[in-house]
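Since the structure of chain A is provided, determine the placement of chain B on it from the hints.
Same order as they appear, the protein sequences are chains A and B.
Following the numbering used here, the numbering of the first sequence begins with 1 at its first residue and continues without gaps.
Following the numbering used here, the numbering of the second sequence begins with 1 at its first residue and continues without gaps.
Note that these hints are calculated values from the structure, not bench results.
Fair warning: there could be bad hints in the mix.
As the list makes no split between identical chains, a pair holds if one copy fits it or if it spans any two.
[What the hints assert, rightly or not] Mimicking DSBU-like on lysine-lysine, the simulated pairs with C-alpha atoms at most 35 Å apart in a straight line are:
1. K55 to K30
2. K354 to K112
3. K122 to K190
4. K110 to K24
5. K91 to K20
6. K30 to K110
7. K112 to K193
8. K63 to K119
Note that this is a predicted model, so its numbers are computed, not measured.
Protein chains: 2
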Amino acid sequence: MNIIVQKFGGTSVGTIERIKNVAKRAIETKQNGFDTVIVVSAMGDTTDRLISLAKAVNLTPPKRELDMLLSTGEQTTIALLAMAIDGMGYKAVSLTGYQCGIITNDYYSKAKIDSIDPKRIKDELEEDKIVIIAGFQGASLSHDITTLGRGGSDTTAVALAVALEAKKCEIYTDVLGIYTSDPRLVSTAKLLKTISYDELLEMAMLGAGVMHPRSVELARKNNMPLIVRSAFDYNNVGTEIIEVKEMEKAQVRGVTLDEDIVRISVPNVPDKPGIAYKLFSSLINLNVHIDMILQNLNHDGFNDISFTVPIDDFDTILPTIEAFVEEVGASPILVKKDVAKLSIVGTGITSDVKIASGLFGKIYELGINIEMISTSEIKISCIISQSQSKQALDEVHKYFELNGL
Amino acid sequence: MNIIVQKFGGTSVGTIERIKNVAKRAIETKQNGFDTVIVVSAMGDTTDRLISLAKAVNLTPPKRELDMLLSTGEQTTIALLAMAIDGMGYKAVSLTGYQCGIITNDYYSKAKIDSIDPKRIKDELEEDKIVIIAGFQGASLSHDITTLGRGGSDTTAVALAVALEAKKCEIYTDVLGIYTSDPRLVSTAKLLKTISYDELLEMAMLGAGVMHPRSVELARKNNMPLIVRSAFDYNNVGTEIIEVKEMEKAQVRGVTLDEDIVRISVPNVPDKPGIAYKLFSSLINLNVHIDMILQNLNHDGFNDISFTVPIDDFDTILPTIEAFVEEVGASPILVKKDVAKLSIVGTGITSDVKIASGLFGKIYELGINIEMISTSEIKISCIISQSQSKQALDEVHKYFELNGL
Numbered sequence: 001m002n003i004i005v006q007k008f009g010g011t012s013v014g015t016i017e018r019i020k021n022v023a024k025r026a027i028e029t030k031q032n033g034f035d036t037v038i039v040v041s042a043m044g045d046t047t048d049r050l051i052s053l054a055k056a057v058n059l060t061p062p063k064r065e066l067d068m069l070l071s072t073g074e075q076t077t078i079a080l081l082a083m084a085i086d087g088m089g090y091k092a093v094s095l096t097g098y099q100c101g102i103i104t105n106d107y108y109s110k111a112k113i114d115s116i117d118p119k120r121i122k123d124e125l126e127e128d129k130i131v132i133i134a135g136f137q138g139a140s141l142s143h144d145i146t147t148l149g150r151g152g153s154d155t156t157a158v159a160l161a162v163a164l165e166a167k168k169c170e171i172y173t174d175v176l177g178i179y180t181s182d183p184r185l186v187s188t189a190k191l192l193k194t195i196s197y198d199e200l201l202e203m204a205m206l207g208a209g210v211m212h213p214r215s216v217e218l219a220r221k222n223n224m225p226l227i228v229r230s231a232f233d234y235n236n237v238g239t240e241i242i243e244v245k246e247m248e249k250a251q252v253r254g255v256t257l258d259e260d261i262v263r264i265s266v267p268n269v270p271d272k273p274g275i276a277y278k279l280f281s282s283l284i285n286l287n288v289h290i291d292m293i294l295q296n297l298n299h300d301g302f303n304d305i306s307f308t309v310p311i312d313d314f315d316t317i318l319p320t321i322e323a324f325v326e327e328v329g330a331s332p333i334l335v336k337k338d339v340a341k342l343s344i345v346g347t348g349i350t351s352d353v354k355i356a357s358g359l360f361g362k363i364y365e366l367g368i369n370i371e372m373i374s375t376s377e378i379k380i381s382c383i384i385s386q387s388q389s390k391q392a393l394d395e396v397h398k399y400f401e402l403n404g405l
Numbered sequence: 001m002n003i004i005v006q007k008f009g010g011t012s013v014g015t016i017e018r019i020k021n022v023a024k025r026a027i028e029t030k031q032n033g034f035d036t037v038i039v040v041s042a043m044g045d046t047t048d049r050l051i052s053l054a055k056a057v058n059l060t061p062p063k064r065e066l067d068m069l070l071s072t073g074e075q076t077t078i079a080l081l082a083m084a085i086d087g088m089g090y091k092a093v094s095l096t097g098y099q100c101g102i103i104t105n106d107y108y109s110k111a112k113i114d115s116i117d118p119k120r121i122k123d124e125l126e127e128d129k130i131v132i133i134a135g136f137q138g139a140s141l142s143h144d145i146t147t148l149g150r151g152g153s154d155t156t157a158v159a160l161a162v163a164l165e166a167k168k169c170e171i172y173t174d175v176l177g178i179y180t181s182d183p184r185l186v187s188t189a190k191l192l193k194t195i196s197y198d199e200l201l202e203m204a205m206l207g208a209g210v211m212h213p214r215s216v217e218l219a220r221k222n223n224m225p226l227i228v229r230s231a232f233d234y235n236n237v238g239t240e241i242i243e244v245k246e247m248e249k250a251q252v253r254g255v256t257l258d259e260d261i262v263r264i265s266v267p268n269v270p271d272k273p274g275i276a277y278k279l280f281s282s283l284i285n286l287n288v289h290i291d292m293i294l295q296n297l298n299h300d301g302f303n304d305i306s307f308t309v310p311i312d313d314f315d316t317i318l319p320t321i322e323a324f325v326e327e328v329g330a331s332p333i334l335v336k337k338d339v340a341k342l343s344i345v346g347t348g349i350t351s352d353v354k355i356a357s358g359l360f361g362k363i364y365e366l367g368i369n370i371e372m373i374s375t376s377e378i379k380i381s382c383i384i385s386q387s388q389s390k391q392a393l394d395e396v397h398k399y400f401e402l403n404g405l
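Okay, chain A solo, but in the shape it has when bound (with noise of 0.2 Å):
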């Protein structure tokens, strides 16, 4: 089969004149031969009314219920989109997580996807229809109801590409691609006609926003062709994500910021082998993603521990850190929301030396104190203050000349 899957984002499908759109666009590429599949998310701001309403009735949902109701957002959308192309004279037919064979764990609200059977979508298609499919949502074995959390709709195209042997995934969005920096804050970043999956990882999981790193690492270990691109405009061509070739010199290829952190301490942790590991297990085991571990040892065998969460994660951590202070005697936990991350990444940036003391130096320069610092192979990450990360965020896509791409 020679099978396409593209994935439309909520403000893609955010109302029904762009639904229709959407279906032209799936008769455009069924036209064009191949055996296609769509994903779509909730229209528009769907699934923000449904947690409202949610809210108003429990302030604190069961996660359960919260996708058993949250799941109603694709699900309208995939019916609507499979009557639009019907309405156009093609046949389509919409297929709910369960009935597409996404099997999950019961992870309510981040459900983690364990297999997928695409017998169901590959008869459809068989029988010659556009196969619409919910994104954002699975069944655990029990048949509950679960979705896979943020950027839930990114996972499932590429997760479904993969199952169907796909030819390539492309994903619909409303900006052109991806950019050297968040076009919304620095008005000079430039889209990247490629990318590399290890690329535009970093820059996902540094908060870059366009797609969710959970399916750019699926796509790169599956060596899934992807591309980004727009869903108001078919003639751009988007960026490509390929795999990393051979650099002739390291590079930064974009900037991120992340405002949606937080950081938190814990002062004075009796220094005993194992005691960061016992907090940061039990913290994992709640599924929150820990980023920007430091532990100094300062005092008479005492240990500040320093990280930063996700904000929205904050309220699930917190009872556990809580616990963790009591439970070992330390201070009172410090919490910080004022903080930013600004990153630079690019294929070998961290080994060439010159380019991290650039960014230091930059910032330094702009009178910006770094609170923290964490690199990997291709990303540098500085925790800075939030009211001047603005400035600085547009400062170092000037200063690794970015604007000139």
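The following block gives chain B in isolation, referenced to the frame of chain A:
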């Protein structure tokens, strides 16, 4: 187990406050020692809103996709109700039609229940949870979502009560119970303390609106104790539906009016054996309720065939009728929409000639022409002009002394 099934319709769950109210009622029921199963409809006008969305995309949406869309309405309610109960400190779990084991045929938008596997519900009840079920929906053997058509949530409630061997099934609605006539049309209509399944069935068939005939029939067949009562006034015990008792004398129990019908006449149908059967069997295959069939042998071996159908089914059956007309060489059909069906209901009334003649006499006295008549064991129906139907309803209600109950 000591199971009760309680069903709450769309008005009863129309707002967040009302959902909380239903949550309280469910908890009270649980506290009274019942294993509690709650069946709910979509909130308020959700279904109508979804249908409008569908029509905006495709004026004749495929029924499979319409069911996919509409089923989100109940799914939203069950999630919110389960959250509300959780917020009040009780355990609850919501289940879709598929999850609670309701298997239907694949006659989308009008599916019939083939079987119910109550295992999941019983398992959840045994874990001391209040179980919340999405009414109106099921799934076909191929896991496609189906809806049960009009009155579907009542059918879900009764069918589940039967499958679960429940002690009783309570239908909570926006009126106090079953009245002698529609209280919105007849201000003097009185609440009935009891009514027989058969009488209620006839009244439901005749458009009395409170309960759908399918569910009443199902309750009668399985001898399931049924109670119709108010969702807004729990002190009122409503109407109990009971096995018919020996009646001392035939008595009119209710008067109903159904204005949502259309009268169709096919003139000059050749009088050959089986020709009427041919027409009606093809209509019945469309799953349309044909009522009030009248066949007049009038001239030279040709018949006029007249019948009434629900107005909503008119578009569905029109092509079939026209094909019939062409095939047998009948004259073009005549359609009359300005008709209404006025009926009186009561066990034994057909065998009491004074009641029938009293009805016809009263209508005659009002100067209203009776276009068609049909009778059953316990009802007498007349087709009259819609413009005079409300007046007739009022007068007939008074004539049979129902005001004084």
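Okay, the hints, checked on the actual structure:
In the homo-oligomer, the alpha carbons of K55 and K30 lie at most 35 Å apart only across protomers (24 Å), although the nearest pairing inside one protomer, at 41 Å, exceeds that limit. In this homomeric assembly, K354 and K112 never come within 35 Å of each other (Cα to Cα): the closest approach is 40 Å inside a single copy and 72 Å across copies. Proximity of K122 to K190 under the C-alpha cut-off of 35 Å is found in neither arrangement, the shortest distances being 39 Å within a copy and 59 Å between copies. For the homomeric pair K110 and K24, the shortest alpha-carbon distances inside one copy (32 Å) and between copies (30 Å) are both at most 35 Å.
For the identical chains of this complex, K91 and K20 are intra-copy neighbours only, at 15 Å inside a copy versus 42 Å across copies, given an alpha-carbon limit of 35 Å. For the homomeric pair K30 and K110, the shortest alpha-carbon distances inside one copy (33 Å) and between copies (32 Å) are both at most 35 Å. Taking the shortest alpha-carbon separations for K112 and K193, only the intra-copy value of 31 Å comes in at or below 35 Å, while the best inter-copy value is 54 Å. In the homo-oligomer, the alpha carbons of K63 and K119 lie at most 35 Å apart both inside one protomer (29 Å) and across protomers (23 Å), since each shortest distance falls under that limit.
Violated hints, listed in ascending order, are 2, 3; each of the other numbered hints is respected by the structure.
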